[in-house]
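Chemist: Okay, here's what each chain looks like letter by letter:
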Amino acid sequence: MGLFELAAAKMLSSAAMLLFGTVLLMATAKRISTCVYLFACQSAILTAEVVAAGYVQHMREAYIIAGMVLLVKVFAIPFALLWLMKKLRTAHDVGASLSPGYSVFVMSGLIILSFAAVRLYLIELHATEVILAAAVALILNGAFLMVTRSKALMLMMGLLVLENGIFLAALVTTFGMPLIIEIGIVFDLLIGLFLMGIFVFRIRDTFDHLDVSRLRGLRG
Amino acid sequence: MFKSRRAATSFALGAGILEVLALALAVWRISRTSSLELGKYLRADSLTAFFLVNLGAVFFLVLLYSTSYIRHIPAGRFSSPRWFYSLLFLFLFSIIAVYLAGNLGFLWIMMEATTLASALLVGFYNTEGAVEAGWKYLIVCTVGLAFALFGTIVFYVAAVHAGLQPEMALQWYALAHAGKMLANSPALLKLGFIFLLVGYGTKIGLVPMHSWLPDAHAEAPSPVSAMLSAALLNCAVYALIRYDAITSNAIGATFSHRLFIFFGAASVFVAGLLMIVQKDLKRLLAYSSVEHMGIIATGLGLGGFFGIYGALLHTFTHSMAKSLLFFGAGQVREMVGTSKISMLKGLARQLPWTSAALVVGLIAIVGLPPFGLFVSEFSILREAFSQRHWLAALVLLTTLSIVFAAMTFHFLKVLPGSSQMAESKTAVSDRKGPEFVAMGICVAVLITLGLSIPAPLNYLLKAAVAVLQ
Numbered sequence: 000m001g002l003f004e005l006a007a008a009k010m011l012s013s014a015a016m017l018l019f020g021t022v023l024l025m026a027t028a029k030r031i032s033t034c035v036y037l038f039a040c041q042s043a044i045l046t047a048e049v050v051a052a053g054y055v056q057h058m059r060e061a062y063i064i065a066g067m068v069l070l071v072k073v074f075a076i077p078f079a080l081l082w083l084m085k086k087l088r089t090a091h092d093v094g095a096s097l098s099p100g101y102s103v104f105v106m107s108g109l110i111i112l113s114f115a116a117v118r119l120y121l122i123e124l125h126a127t128e129v130i131l132a133a134a135v136a137l138i139l140n141g142a143f144l145m146v147t148r149s150k151a152l153m154l155m156m157g158l159l160v161l162e163n164g165i166f167l168a169a170l171v172t173t174f175g176m177p178l179i180i181e182i183g184i185v186f187d188l189l190i191g192l193f194l195m196g197i198f199v200f201r202i203r204d205t206f207d208h209l210d211v212s213r214l215r216g217l218r219g
Numbered sequence: 000m001f002k003s004r005r006a007a008t009s010f011a012l013g014a015g016i017l018e019v020l021a022l023a024l025a026v027w028r029i030s031r032t033s034s035l036e037l038g039k040y041l042r043a044d045s046l047t048a049f050f051l052v053n054l055g056a057v058f059f060l061v062l063l064y065s066t067s068y069i070r071h072i073p074a075g076r077f078s079s080p081r082w083f084y085s086l087l088f089l090f091l092f093s094i095i096a097v098y099l100a101g102n103l104g105f106l107w108i109m110m111e112a113t114t115l116a117s118a119l120l121v122g123f124y125n126t127e128g129a130v131e132a133g134w135k136y137l138i139v140c141t142v143g144l145a146f147a148l149f150g151t152i153v154f155y156v157a158a159v160h161a162g163l164q165p166e167m168a169l170q171w172y173a174l175a176h177a178g179k180m181l182a183n184s185p186a187l188l189k190l191g192f193i194f195l196l197v198g199y200g201t202k203i204g205l206v207p208m209h210s211w212l213p214d215a216h217a218e219a220p221s222p223v224s225a226m227l228s229a230a231l232l233n234c235a236v237y238a239l240i241r242y243d244a245i246t247s248n249a250i251g252a253t254f255s256h257r258l259f260i261f262f263g264a265a266s267v268f269v270a271g272l273l274m275i276v277q278k279d280l281k282r283l284l285a286y287s288s289v290e291h292m293g294i295i296a297t298g299l300g301l302g303g304f305f306g307i308y309g310a311l312l313h314t315f316t317h318s319m320a321k322s323l324l325f326f327g328a329g330q331v332r333e334m335v336g337t338s339k340i341s342m343l344k345g346l347a348r349q350l351p352w353t354s355a356a357l358v359v360g361l362i363a364i365v366g367l368p369p370f371g372l373f374v375s376e377f378s379i380l381r382e383a384f385s386q387r388h389w390l391a392a393l394v395l396l397t398t399l400s401i402v403f404a405a406m407t408f409h410f411l412k413v414l415p416g417s418s419q420m421a422e423s424k425t426a427v428s429d430r431k432g433p434e435f436v437a438m439g440i441c442v443a444v445l446i447t448l449g450l451s452i453p454a455p456l457n458y459l460l461k462a463a464v465a466v467l468q
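Chain order of the listed sequences is A and B. First residue of the first sequence: 0, per numbering that gives the first Met the number 0; consecutive thereafter. First residue of the second sequence: 0, per numbering that gives the first Met the number 0; consecutive thereafter.
Bound conformation, chain B alone:
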């Protein structure tokens, strides 16, 4: 079935549209009733709804981009259009399941499933680099998640000892409202939270657990890189937000928030410095993801309305900007055959439209107006200053300048000048198709978010922040 690429593609597009509609329906239902419960294992509230909107948007763009991107895939075992789309949908399904999980054990199972579904996608090209990256991704994330499992068990133990019924002791809803009951075992909660932070932090790519991230992002096919960066990382952030809410309710916010700020600031700083020395366009973008996850963690750690609002908005704006950049980088790699920065001189002349998309992505990702990331970063910084958290503010501002310099430096090496490619190879040129529709949507969304946040999204965001306060 679906042997031909075209059949597989049209089927995937149809299924994708249905999927996005289903997500929209779920979000609509949640926004009307503020929470939704299905059986013992599924539960959704406004926070879930916000992340689902994010996921739906990213997945739709990735699918649109993939339809023409996978044209050149060589057939092989586990690497054909059929496998690509099946794994992509499996990946999507596991991420949705993480968001909808009402039971923390189920959430862990589905988080591990995201690793399993995406490992073959990371190793899709079957080259030396892809095999190494896929293996590393699988091992590092599985070990990280084993620690998260340990943390989950510790939370379960704490809840059972606090007197919760065993069947309720894994429901995040029950745990978040158990509050003072859990307060009797602060040592256990702290122990569990540290393990969870290490475990899910590995999936987020927080420094120093980020070692898999640049490899996987750089070696995966570009739509998958976009999916990893814009959907998977957010999904792990979501899991940590749930645990943070539980811990904060029980033993106060100081402990978990300090850890968030520490790991967040460390990620921002280390990734910012590493971006200066990158030699590959996609690795550069991958480190930028680590940096932005650090910004989000810092925002969550600062707390307060603007901190959380900024962090949540940043998950969305970062998703859009990073999808745009990975789509652009994918175009480059597909047309030129490499993403090594030193080989790409004179790109603007060769691929003017792709270069334009990359430049817009660059301006957006470094946080300049009029794009959405400016708003979200500004919001987080505003919280840092109003709380007089000078250190966090200083680290953020310093690193944002370093990142601005580093990214502009790399892009200036790539874009201008006369091309080396024209001499050696057959002329490369932009091929306009669904890719550019996807990139255009990213740009439109980013500008819209930068100018004014649409009322429905703002409503969802505020409801999500309200859940956490």
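With the rest of the complex left out, here is chain A:
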């Protein structure tokens, strides 16, 4: 095994630590913009992982996917979200229902849980434990953010993190879905975010705030 391939293989597993870092930092973040930057970092790590996986597996398609992830998730989406925040001119806090300390505590628990969950399937999957656990941790972190943060933009962030986790899971277990399907998924994600953006404006115009936990008109 050449030096580059060894480095790429190491990269795949050690990047998991960085991902755990972004997950825990997101749990502590108080401002939405911090989360956006962390999401961009997270996506950049994913891009590196795709490149590494493509190099190890000698797959051309992986570079196209890496380019797409870089363009969409590292640049386009974070820029769009920051632009949206500037346009909306509302409070920038995440609207956490848990203090940062508690959030980190819960998130650490979820990371341990993801290691436990992954262990059940290791034999069938032939994947590296730590990176698969990172994928599950991203999914759980995304869901955690959606449940405990009340601002509309944070729900979008949670969804994005969740999607990153699913993407990583696909990457480490099968080296990605077929290219055309990946493109379709990213396209759906973009349109979805665009529509959520439209709704965020509508929520602000109709309710004068973006706290979706206060949308309680429809019950029963």
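The hints are simulated quantities; they were obtained by calculation from the structure and are not laboratory data. Backbone N, C-alpha and C define an ideal beta-carbon position, used for all residues, glycine too. Accuracy of the hints is not assured; some may be wrong.
Keeping only pairs whose Cα atoms sit at most 25 Å apart, straight-line, the calculated DMTMM-like set for lysine to aspartate or glutamate is [as the list claims (entries may be wrong)]:
(1) B/K461 - B/E36
(2) B/K39 - B/E166
(3) B/K179 - B/D44
(4) B/K278 - B/E333
(5) B/K189 - A/E181
(6) B/K189 - A/E123
(7) B/K39 - A/D92
(8) A/K29 - A/D207
(9) A/K85 - B/E127
(10) B/K344 - B/D429
(11) B/K344 - B/E333
(12) B/K189 - A/E128
(13) A/K86 - A/D204
(14) A/K86 - A/E181
(15) B/K339 - B/D429
(16) A/K29 - A/D92
(17) A/K85 - A/D207
(18) B/K179 - A/E123
(19) B/K39 - B/E18
(20) A/K29 - A/E181
(21) A/K86 - B/D44
(22) A/K86 - A/D210
(23) B/K278 - B/E127
(24) B/K39 - A/E60
Just a sample of chain A residues kept apart from chain B, beta carbon distances all over 12 Å, derived [unchecked claim]:
(25) A47
(26) W82
(27) A90
Listed next, the stretches of chain B that the computed footprint assigns to chain A, with coverage defined by at least 3 CB atoms under 8 Å from CB atoms of chain A [what the hints assert, rightly or not]:
(28) 98-106
(29) 145-155
(30) 451-457
Please arrange chain B on chain A, whose structure you already have, making use of the hints.
Modeler: Structure of chain B alone, referenced to chain A:
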């Protein structure tokens, strides 16, 4: 282009008729050759054909109803007749694509597209309720579908590890026939199926993932409510049927069928109880959709000829009855200005024809003869009893009685008596137009299906059941 409502409407009608003809042609081709394949990503068989017939019928009725319904739409950003029809056709297109998808990844993409196409339709009125419902719909369904994506990936992983070629590992046809190859990774298949059930179950509105459904159905314009209830929910049912076939072939039917019965019975029961306390006509109908999706899931879970036959027939009969009811509720909301049950006292005097349509819809939806739902529910119950599945039968029968009582109770509050509306507002009256043609067709189809199922439909149904057995 198509600035005026009339131009947009006539163009939409023309396109709709072409669309329905194209669907009919596709169904005819499929019924002759029993399956159809187009390239790597499209595939159809008898099951697809049956659902396409259902979709074509519902869409035609919805379009007919819309032509006069959208008269009163206030112009605004994303809410004009042009937007309405464009989004409706986009919605239709994405549902058709789900049915025709031969590749499960493509199926997921198109399922997400159905959410995206319909989110703006749900929020069409731009009121507080509509914005909240639209946002909730978008978020809940997108998260649900993210889980479905995870499930899809797990299936893909299982197939690749089982030795299928990567380009074949997402074709439902290949997966359904891989059978024993997939049996080597039962844990993965079970994991994937649970995620898919949660994901697509969110779109079906199975309890406890149903939270978006009453809001979206109640706040959307009525033709869209009908489209959601009668077309979209079936489309998600279709996706789960495909995965059920794959899982059953590989690791036996017990696992997936038990889950179907559990979630189905839970949906029937919870929705049935919640219907008692509803205060809004359209929310009542929405919970009724949850209940009926539960009945369908239970029928699929029971399996056997009559279970599957009943479940498939029920998707069709429920579509017709629920379209009829939502059309009627739409008339009420348009004429009276509200669909709150407490405000509608004395409706029968104000809107006699609409009330008549609602009463027929009521009798049909609670499953009384001579309407189609009686046949399909009877078929499912027959399977439950012949399999000695007492619990499912008990839950179904109990809840059907509760639902009968609840719906009759609400309708009796609405229909008779002297009206409060007459005093306050200008007189409301039925305005007969295309709406009543659409409702009349629904009634005719329901009665026909209740008396005897037409031979071509029966042929399609039996072919669809044969695909699944």
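Chemist: Each hint needs a verdict: does it hold in this structure or not?
Modeler: How the hints compare with the structure:
1. For the given pair, B/K461 sits about 21 Å from B/E36 by alpha-carbon distance, which is consistent with the 25 Å threshold.
2. Restraint check for B/K39 and B/E166: satisfied, since their Cα atoms lie roughly 9 Å apart, inside the 25 Å limit.
3. For the hint linking B/K179 to B/D44, the alpha-carbon distance of about 22 Å falls within 25 Å, and the restraint holds.
4. Distance check on the hinted pair: B/K278 and B/E333 sit about 18 Å apart at the alpha-carbon level, within 25 Å; holds.
5. A hinted pair counts as satisfied when its Cα atoms are at most 25 Å apart, and B/K189 with A/E181 qualifies at roughly 24 Å.
6. A C-alpha spacing of about 13 Å is found between B/K189 and A/E123, which places the hinted pair at or below 25 Å, so the restraint holds.
7. The suggested pairing of B/K39 with A/D92 is violated, with an alpha-carbon distance near 47 Å, which exceeds 25 Å.
8. Restraint check: the Cα-Cα separation between A/K29 and A/D207 comes to about 21 Å, which is no more than 25 Å; the hinted pair holds.
9. Straight-line distance between C-alpha atoms of A/K85 and B/E127 comes to about 24 Å, which keeps the hinted pair within the 25 Å bound.
10. Between the alpha carbons of B/K344 and B/D429 the distance comes to roughly 16 Å, so the proposed pair stays at or under 25 Å and holds.
11. A hinted pair counts as satisfied when its Cα atoms are at most 25 Å apart, and B/K344 with B/E333 qualifies at roughly 16 Å.
12. The hinted pair formed by B/K189 and A/E128 meets the criterion: a straight-line CA distance of about 20 Å does not exceed 25 Å.
13. Taking the CA atoms of A/K86 and A/D204, the gap is about 12 Å. The hint holds against a cut of 25 Å.
14. Annotation: proposed proximity of A/K86 to A/E181 is violated, straight-line Cα distance about 31 Å (limit 25 Å).
15. Using a Cα cut-off of 25 Å, the hinted pair B/K339 and B/D429 holds, with the two alpha carbons roughly 19 Å apart.
16. Using a Cα cut-off of 25 Å, the hinted pair A/K29 and A/D92 holds, with the two alpha carbons roughly 6 Å apart.
17. For the given pair, A/K85 sits about 16 Å from A/D207 by alpha-carbon distance, which is consistent with the 25 Å threshold.
18. Among the hinted pairs, B/K179 with A/E123 is consistent with the structure: their alpha-carbon atoms are about 16 Å apart, no more than 25 Å.
19. This hinted pair checks out: B/K39 and B/E18 have alpha carbons roughly 23 Å apart, not beyond 25 Å.
20. Of the supplied pair hints, the one linking A/K29 and A/E181 is violated, its CA atoms being roughly 32 Å apart against a limit of 25 Å.
21. For the hint linking A/K86 to B/D44, the alpha-carbon distance of about 49 Å lies beyond 25 Å, and the restraint is violated.
22. Between A/K86 and A/D210 the alpha-carbon distance is near 16 Å, which keeps this suggested pair within the 25 Å criterion.
23. Between B/K278 and B/E127 the alpha-carbon distance is near 18 Å, which keeps this suggested pair within the 25 Å criterion.
24. Proposed proximity of B/K39 and A/E60 is supported: the alpha carbons are some 18 Å apart, at most 25 Å.
25. Every C-beta of chain B lies more than 12 Å from that of A/A47, the closest at about 21 Å, which supports listing it as non-interface.
26. Against the 12 Å criterion, A/W82 stays outside the reach of chain B, whose nearest CB is about 19 Å from its own CB.
27. The beta carbon of A/A90 is kept farther than 12 Å from every beta carbon of chain B, the shortest such distance being approximately 18 Å.
28. For the segment 98-106 of chain B, the proposed coverage by chain A is satisfied: 3 residues have a C-beta within less than 8 Å of a C-beta in that chain, meeting the threshold of three.
29. For the segment 145-155 of chain B, the stated coverage by chain A holds: 5 residues have a C-beta nearer than 8 Å to a C-beta of that chain, and at least 3 were required.
30. Here's how the segment 451-457 of chain B fares: 0 of its residues keep a CB closer than 8 Å to some CB of chain A, so the rule of at least three is not met and the hint is violated.
Violated hints, in rising order: 7, 14, 20, 21 and 30; the structure is consistent with all others.
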